[in-house]
Amino acid sequence: DAGVIQSPRHEVTEMGQEVTLRCKPISGHDYLFWYRQTMMRGLELLIYFNNNVPIDDSGMPEDRFSAKMPNASFSTLKIQPSEPRDSAVYFCASSGLAGGSSYEQYFGPGTRLTVT
Amino acid sequence: KQEVTQIPAALSVPEGENLVLNCSFTDSAIYNLQWFRQDPGKGLTSLLLIQSSQREQTSGRLNASLDKSSGRSTLYIAASQPGDSATYLCAVDRRNTPLVFGKGTRLSVIA
Numbered sequence: 328d329a330g331v332i333q334s335p336r337h338e339v340t341e342m343g344q345e346v347t348l349r350c351k352p353i354s355g356h357d358y359l360f361w362y363r364q365t366m367m368r369g370l371e372l373l374i375y376f377n378n379n380v381p382i383d384d385s386g387m388p389e390d391r392f393s394a395k396m397p398n399a400s401f402s403t404l405k406i407q408p409s410e411p412r413d414s415a416v417y418f419c420a421s422s423g424l425a426g427g428s429s430y431e432q433y434f435g436p437g438t439r440l441t442v443t
Numbered sequence: 010k011q012e013v014t015q016i017p018a019a020l021s022v023p024e025g026e027n028l029v030l031n032c033s034f035t036d037s038a039i040y041n042l043q044w045f046r047q048d049p050g051k052g053l054t055s056l057l058l059i060q061s062s063q064r065e066q067t068s069g070r071l072n073a074s075l076d077k078s079s080g081r082s083t084l085y086i087a088a089s090q091p092g093d094s095a096t097y098l099c100a101v102d103r104r105n106t107p108l109v110f111g112k113g114t115r116l117s118v119i120a
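Residue numbers (the working numbering), protein chains in the order written: chain C, 328 to 443; chain X, 10 to 120.
Just so you know, these hints were derived from the structure itself, not from any lab. Check the hints yourself; a few may be wrong.
What the hints assert, rightly or not - In silico DSSO-like links for lysine-lysine, alpha-carbon gap of 30 Å or less:
(1) Lys-112/X / Lys-10/X
(2) Lys-51/X / Lys-10/X
(3) Lys-405/C / Lys-351/C
(4) Lys-351/C / Lys-51/X
(5) Lys-405/C / Lys-10/X
(6) Lys-77/X / Lys-405/C
(7) Lys-395/C / Lys-405/C
(8) Lys-351/C / Lys-77/X
(9) Lys-112/X / Lys-51/X
(10) Lys-10/X / Lys-77/X
(11) Lys-405/C / Lys-51/X
(12) Lys-77/X / Lys-395/C
(13) Lys-351/C / Lys-395/C
(14) Lys-112/X / Lys-77/X
(15) Lys-112/X / Lys-395/C
(16) Lys-112/X / Lys-351/C
Construct all of the structure, not just a fragment, from the sequences and the given hints.
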């Protein structure tokens, strides 16, 4: 398997624009997590899904953020409108029994978002 | 609410030294503890995963131990090399729940 795939790897956009981040989890994994990393707060959960259903979105900062998982192989994180304080690295991770009994989370390479 | 603390926040050592990074967590009801490495501007590389039923894991020069009852883990790096310079992150979860991360220890190994 190619691992968790994220796109784009880098995104630079202007304040007010819509940003869409994409994630393809490892095949067979039934959990998908979106995390955000900033210098100030470190790595924090935004939202996670089980079998395509959102389980906990309490980490989503505000209504400008939304996430979907239309099928088992694809998820999006959308920010509309974007603000400079959204600049961060966004990581997607997946886990499941397909990874063995450990339910280890496997991380994608991240998307570095810069909002000017 | 689970909290993970890593001490020290930064560490600088001469090449060849053995070193220990510390991680503590407030809620001992964990399923997995993972150690990650992150190079500047890069993603996360998983180093070791310890399940709650295990006490340690080893990979090459790295050894991670877990004392669940006291809420502690250590990452031991033997014979450190300049290539080990990076930030090391500790994270814990309950089964099928999000990882809770520490802020990391920034390691510099000086040649």
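Now for the hints, and whether the structure bears them out:
1. Lys-112/X / Lys-10/X: holds, 16 Å
2. Lys-51/X / Lys-10/X: Roughly 29 Å between the alpha carbons, so the hint for Lys-51/X and Lys-10/X holds.
3. Lys-405/C / Lys-351/C: Distance ~15 Å between Lys-405/C and Lys-351/C Cα, so the pair holds.
4. Lys-351/C / Lys-51/X: Distance of about 19 Å is within 30 Å: holds.
5. Lys-405/C / Lys-10/X: holds, 27 Å
6. Lys-77/X / Lys-405/C: It is violated: about 38 Å lies between the C-alpha atoms, which goes past 30 Å.
7. Lys-395/C / Lys-405/C: Since the Cα atoms of Lys-395/C and Lys-405/C sit roughly 9 Å apart, the hinted pair holds (cutoff 30 Å).
8. Lys-351/C / Lys-77/X: The given pair, whose Cα atoms are some 33 Å apart, is violated under the 30 Å limit.
9. Lys-112/X / Lys-51/X: Within the cut-off at roughly 16 Å; holds.
10. Lys-10/X / Lys-77/X: The given pair, whose Cα atoms are some 16 Å apart, holds under the 30 Å limit.
11. Lys-405/C / Lys-51/X: holds, 22 Å
12. Lys-77/X / Lys-395/C: violated, 35 Å
13. Lys-351/C / Lys-395/C: holds, 12 Å
14. Lys-112/X / Lys-77/X: holds, 20 Å
15. Lys-112/X / Lys-395/C: holds, 28 Å
16. Lys-112/X / Lys-351/C: holds, 27 Å
Hint check: violations occur at hints 6, 8, 12; the rest are consistent with the structure.
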